[in-house]
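Number of protein chains: 2
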Amino acid sequence: MTQPSFDSPEAVHIYFDFLCPYAWRGLELADVLRRDHGHTFALRHFSLVQGNHPENAESRHHPVWWLTEQQGGGSEMLDESLRAFLADKAAARQGEDARWRFALALLRARHRDAASLDAATVQAAANQAGLNLGEFEADLEGDEARRAELRSDLAAAAELGVFGTPTFALPSGHAAYFRFANLVPPEGALAAWQLYVSVLESDARIETIKRAKRA
Amino acid sequence: MTQPSFDSPEAVHIYFDFLCPYAWRGLELADVLRRDHGHTFALRHFSLVQGNHPENAESRHHPVWWLTEQQGGGSEMLDESLRAFLADKAAARQGEDARWRFALALLRARHRDAASLDAATVQAAANQAGLNLGEFEADLEGDEARRAELRSDLAAAAELGVFGTPTFALPSGHAAYFRFANLVPPEGALAAWQLYVSVLESDARIETIKRAKRA
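In the order they appear, the protein sequences are chains A and B. As numbered in the working numbering, residues 1 to 215 make up the first sequence, in order. As numbered in the working numbering, residues 1 to 215 make up the second sequence, in order.
Please note: incorrect hints may appear among the correct ones.
[What the hints assert, rightly or not] Below, a list of computed lysine-lysine pairs in the BS3-like style, where the Cα atoms sit at most 27 Å apart:
1. K210/B - K210/A
2. K213/B - K210/A
3. K210/B - K213/A
4. K213/B - K213/A
[What the hints assert, rightly or not] Pulled from the structure, derived: some chain B residues nowhere near chain A, Cβ distances all over 10 Å:
5. L33
6. H37
7. E55
8. V64
9. W66
10. M77
11. R93
12. E96
13. D113
14. E137
15. E141
16. I206
17. T208
18. R214
19. A215
Hints are computed from structural coordinates only; laboratory data are not their basis. All values reported here derive from a predicted model rather than from experimental measurement. Note that the Cβ used here is the ideal one computed from N, Cα and C, for glycine as well.
Throw the hints in and build the complete structure from the sequences for me.
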């Protein structure tokens with residue numbers, strides 16, 4: 001099948017994990033930029049469980065333990081993130097807007113409303129996003145295909161050196177983890193984004209700005 | 001004795017270690033801001049050897065192993081950084097400008113010219129900075145007083161949660177590690193600094209921007 005247009009090379013790729021509250025805030029920011037300012041983003045997955053797995057400690061670029069090779073019955077974080085990723089891949093088959101509605105509904109359920117990423121929460125997010133539920137279920141049944149799509153994201157993230165979420169990868173090749181604690185109101189979205197891009201594109205070649213935390 | 005004026009509460013405090021190449025670039029940037037734009041900075045020390053010491057792994061806020069309690073004969077990094085810190089404290093007694101000249105001469109010797117931070121390099125930096133060498137030697141002999149000054153910096157850094165250098169602590173209370181790979185030319189200094197301050201003061205409460213590195 002052809003790639004949907006929102007995976008175009010001009011898009012900013014966002015690597016995220018449903019487990020991560022900063023990914024939620026990052027996607028809310030991107031959604032404003034997408035809807036109000038015509039920016040283009042491709043949603044991709046990075047797994048914190050895989051990235052932090054002891055068997056992958058030697059190199060973030062060459063994982064040996066893959067989330068996509070796991071079955072259910074692991075840790076809660078493993079099970080919940082794998083379920084959410086596969087559901088998001090199924091939702092993505094219903095078009096860009098439906099997929100954004102689903103991803104945001106699931107992130108809000110987890111991080112705004114403190115729900116678990118269990119089957120009922122996934123189902124509620126699919127409802128809220130207005131997905132065709134029959135198609136959604138059928139695509140979820142296509143587990144191997146969804147896993148292959150997820151694996152492709154995880155491999156791309158590893159090659160890029162992603163280590164946390166959200167990571168925004170610009171078409172220019174710059175990519176960085178961008179963690180902020182406050183939800184950005186719509187009127188502040190463009191300024192926050194331009195600040196991030198300015199840091200990455202500065203001639204100083206800024207590698208890290210990381211806040212110190214008092215005891 | 002009274003605090004010199006450059007430790008005024010309105011100053012930006014820079015925590016740095018002579019071992020660190022990013023600290024060198026940070027001090028070069030600050031020196032341009034200081035000389036060309038009237039900014040005020042207070043130079044303070046953070047020890048990477050202390051910060052990364054296994055005995056301090058439990059909390060960066062409450063170190064149990066202190067560089068200031070060590071004698072010579074440790075690792076090369078320990079010996080060189082302690083020597084440089086104590087020499088810098090001695091140089092600071094000759095006024096702000098002399099101290100900046102000394103700190104920059106020593107950082108350039110180490111990171112631009114790949115010298116060791118040995119006694120000869122320290123002596124050459126003192127010469128180059130135009131220090132009164134008799135006073136400098138006498139102040140270096142006052143080892144316990146210099147160690148107490150160093151300890152005060154290391155304690156302040158621990159309280160602030162400093163974990164790398166350079167860390168710039170603004171009078172407004174914001175403080176972050178600011179790592180960039182390229183020397184900033186004088187005409188770019190103000191823009192680079194304003195970018196850093198804008199990140200820290202953004203309403204989004206940005207905690208981290210950290211570049212991903214490809215394999």
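| query | Honestly, which of those hints from before does the structure not fit? | reply | 16, 17, 18, 19
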